[in-house]
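If you read the sequences in order, they're chains A and B. Mapping the first sequence onto the working numbering, position 26 (from 1) lands on 26, and the numbers just tick up by one. Mapping the second sequence onto the working numbering, position 86 (from 1) lands on 246, and the numbers just tick up by one.
None of these hints come from the bench; they were simulated from the model. All of these numbers come straight from a predicted model, not from anything done at the bench. It is possible that part of the hints are untrue.
[Unchecked claim] Some chain B residues flagged as far from chain A (calculated, every beta-carbon gap over 12 Å):
{"id": "1", "residue": "E223"}
{"id": "2", "residue": "G237"}
{"id": "3", "residue": "P250"}
[Unchecked claim] Heads up, incomplete: computed chain A residues facing chain B, CB under 7 Å, no partners named:
{"id": "4", "residue": "G79"}
{"id": "5", "residue": "L146"}
{"id": "6", "residue": "L147"}
{"id": "7", "residue": "V151"}
[To be verified] Capping the alpha-carbon separation at 16 Å, the derived lysine to aspartate or glutamate pairs in EDC-like fashion look like this:
{"id": "8", "chain 1": "A", "residue 1": "K37", "chain 2": "A", "residue 2": "E48"}
{"id": "9", "chain 1": "B", "residue 1": "K209", "chain 2": "B", "residue 2": "D196"}
{"id": "10", "chain 1": "B", "residue 1": "K254", "chain 2": "B", "residue 2": "D244"}
{"id": "11", "chain 1": "B", "residue 1": "K215", "chain 2": "A", "residue 2": "D122"}
{"id": "12", "chain 1": "A", "residue 1": "K82", "chain 2": "B", "residue 2": "D208"}
{"id": "13", "chain 1": "B", "residue 1": "K254", "chain 2": "B", "residue 2": "D196"}
Virtual Cβ for every residue (Gly too), placed ideally from N, Cα, C.
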Amino acid sequence: MSTTETTASGVGPVEGAPVYTVDNPAPLIEAPRKRTKKSPKSTRGNFELAAWLFMRLSGIVLVILVIGHLLIQLVLDGGVSKIGFAFVAGRWASPWWQVWDLLMLWLAMLHGANGLRTVINDYAERASSRMWLKALLYTATVWTILLGTLVIFTFDPNIR
Amino acid sequence: MPAGTLYRGREGMWSWVAHRVTGVLIFFFLFVHVLDTALVRVSPEDYDKVVATYKTPIVALLEYGLVAAILFHALNGLRVIAVDFWSKGPRYQKQMFWTVMGVWVVLMAGAIYPVLGHAARVLFGS
């Protein structure tokens, strides 16, 4: 049998840090799941952290984009009664409003899709229900984002 | 409070419930809204015909409800961000909730005339 590695402190090097020091005379117990050089690489990545952060960052931007959108469409200059093809053509003649609407479309769709993904994960109890509901959600989301993007980029004020 | 539930009631839980409900409603409207706007790519007449339904009194009332959902979701979302990122956020979550409700009531009162005025003129004449 080969000799087991030991240090002066009598504790093996697996957990890394020296166990006793002058400042720390009591044994130091490491957290059970602390990641060390020897622990295997995580296979999960940080998707949920990124999704959580995205909800907050996109949320702040959406507050500005959506409330501006509501003011223009529903409050200013006659409210909803002014909206029509001519009004849309007038606004999308400007790249500013094209970019505004494009950004709002992408952020709102992704923000909403991630929110509904969370709702599905919370309430659909069977694995197969979760799978099908999310498949439907992702399909509808991708189609709607692509449709909206296509409409903004290919809009033709002289269609008739 | 029934035994064995994680739900704790009060401002914390009900704001979370309302955030979910309003979020799902807004997301479903967004699908419809992208589709109706896509009609500008079909023909001006078809687009104007569909947008005309947005100008009827019943849909105006639904629009007021949409504004209510969006404003609550926006204001409470800012509260959630404050709870997550501000060191004193969790301690003041209740006060922030009632601030959200106060600002929401003021904005909703301000939205009555712009959003519902057109419907009122249609219904009662101007």
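Review point. So which hints don't hold here, by number, going up?
Key: 1, 2, 5, 8, 11, 13
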